[in-house]
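Peer 1: These are the residues of each chain, in order.
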Amino acid sequence: MTALVEVTDLVRTFQVRPRRRGVVGALRDLVSGRSVEVAALSGVSLTVGAGEIVGYIGPNGAGKSTTIKCVTGILKPTSGTVRVCGLDPWKERSAHVRNIGVVFGQRTQLWWDLAVVEALDLLAAVFEVPPDLYRSRLGALQELLDLQPLLRTPVRELSLGQRVRCDLAAALLHAPRVVLLDEPTIGLDVAVKHKIRAFVRDLAARDGVAVLLTTHDLGDVESLCHRVVLVDRGAAVFEGTLDALRARLGGRRRLVVTTRGPIPAVARDQLAARLGVVVGELAPDRVEITFAAGQSASPIVAAALEVLGATVDDLSLAEPSIEEVVAAFYAEQRS
Amino acid sequence: MMRAQVWWACVRLGALHRFAYRMEVLSAVVSAAVVVFLNASVWNAVVDGRPGLAGLSPVEVSTYAVIAWIATIVSATRLDEILGARVRDGQIATDLIKPLDLHLWLILRDLGRAGASAALTAAPVLVLAASVFPFVWPSRVGSWLWVALSMVLATLIGGQLAFLIGLVAFRLKNVSGLAHFKASATAVLSGAVVPVQAMPDALRDVVVWLPFQGMSHTPAMLFLEQLDGAGVTRALGVQAAWVVGLFLACRWSWARAIDHLTVQGG
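Chains as they are written, first to last, in the working numbering: chain A, 1 to 335; chain B, 1001 to 1266.
Just so you know, these hints were derived from the structure itself, not from any lab.
Think of the CB as a built atom: it goes at the ideal place given N, C-alpha and C, for glycine as much as any other residue.
Nothing false has been slipped in among the hints.
Label-pair restraints from in silico Cβ distances:
(1) A:E92 x B:R1234: 35 to 45 angstroms
(2) A:A95 x B:V1188: 41 to 51 angstroms
(3) A:Q15 x B:R1140: 50 to 60 angstroms
(4) A:A198 x B:A1004: 36 to 46 angstroms
(5) A:H194 x B:V1025: 37 to 47 angstroms
(6) B:R1171 x A:E323: 35 to 45 angstroms
Pulled out of the complex, with its shape left as it was, chain B reads as follows:
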């Protein structure tokens, strides 16, 4: 375990990395805007002239389509590919010569990355999308608080899922296939592409038990104020349970993966 000062330094590092290249910051905004606009356009077309969809009014569907994608932009991470690449080229050696808990280190770094993404990418795209598409803002200040908390939990879920996949690299040396699979699975199962309510019953029954919906469906529902008091507690509780569950899975896997590490290259 590390001290608070180190935690903070680490969160800061994640954010600093995000600011390193001006063009990257700009292109992240542009590509996020394109995807969000595409998704929102499709769903606005779907509900056009209808009373709503799966209990959501047209304007709520439109808002869901925007928020769910933006949440994924913040919570989905390339940590798996980063960790995989460090194992593949042996750079992992330089992480292991520092008195760091690599799991916490990478997760906190990802939190910093997510914070920077929220400020630099998500916020401008949100404002832009809200001014173009039918959109409802939360009516209560408290909802913002729940959304923020939910986004932190969403990021911790995304980060730890990616960490687990990255650990596979310790055995297999290559994770890009798995990482791609995870990225597609996340987009579909989180509700970012299709709102969870609108999924076929059989799929929805499975999806609500998976961690992915915590990465965008839950924040979107909180943003739309679709949940009552107990519902909010339950939704955040499920997210928190996944954070804890994945935390334990990461600890357990890390202890085993490190035994199999062979640092490549001279």
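Bound-form chain A, shown alone:
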């Protein structure tokens, strides 16, 4: 697999002027503001290959947006290298932006006062998309993102979900090889979220587009991402698959057993002793067996069936949620 996005040892520092408090402080700042250097990114590396969706996650202020800005070419890295389709985004910005499509969930790249179709026409002209290609791509995007009823509406009158769909179409008109999605599902309802996820999944699978996705919605990550990069305080602290992340954190799996009639305490103790795991009582007729993420469930299921016998009514197995895993990871990093 060829890496379309390669970020190596990316560092970006900002000059920040801490403000003093109150009116007197503000006046003193006017005269004698001192600036302090703050590192937003201190050596981040990551790659995204063709057809791959990489989730870029981290707490607020971790450096996600700064990374995306460096990859889009709108921010000059302090040091380190960024290569997208072999180009330096900063130095070769006008060639580079033809290779990328960007959606900022929190702002629109369309023109506020223009009707959607006017804005898309204009973008097609700006990106020099040949008219026949433009027509066929717009037709396809219209279908997939359900844009038909929106085309004549001024952008300012769109709802958030409608706007993000239009922004997705806008980002893809020129058929970019790399798509950067900065919190694309922020504030969207479940139905729109699902639609957008399906669309992004297809984009990578069918068109071989490399997708870098930042989000706080771990549902996005779980349903889309082949790989995740976790960033915290300007440094990448984990890179790998979601399963690898789960395993590394020793997340917990849970087997819930429901029986017909109450489960005697002695049976619970017997199970716990036999398996060397924690057995909790959820209800008189329901117990929860918690065990390590790396452990196979079958011996535990077998033991439960053997001890509780024919009274077992139902079994269900729950994987650790990605929310728990990431929360545990942040906590581990901070301690």
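Put chain B on the given structure of chain A with help from the hints.
Peer 2: Showing chain B alone in chain A's frame:
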């Protein structure tokens, strides 16, 4: 550099923005009419009962007062505030992810804006003012051509001055103070408030070297047919020189400003 098709799309965008709000179109006409009428009334009062002013007859002073303000309406732009606002709220990011030359893009957009202003605001106010105040129309068709060319140059001067001021936002994050200063300086130094001829000698000697007079004094003089053949060439040449000079200044500043850009907001 961009292709002609994109240039046109961009000019069109500037005009489309101007048509977006019906009330805004209407209020632009009303406020322009009020200012033009005020200015023309004041200057008509000044020359009332006098033979003229600084080489202009009373009717020419009246015409100058109308044309000079109307020219400013077309050539003066809020591009600096628009660019400043885009930097301040980080929206500039969405401009930079397009394969656009932001300088040309904004200047061409402003040309579209000016074209729409000329048609929607300047033309009706001009007809209205001409029917109310003493007014002379150009006697030759050729003069209209020079006026039109001069207005394009005036708009390019105004747009690029504003672009330069907007670039300051890349460093300072806020340009509204500077933009206000530019707006007042333009009104005074362009001849819109006081005809350049009527300025004190010391001030006039400075003003003729500044770009501002190209934004309204020059079109007004061409409209009044105050310049002979060589004078026309010289006046347009000075405007064109400012367009080129400001163009180079914009290129140079843009290349430096972009290094200092920190796109704000998440």
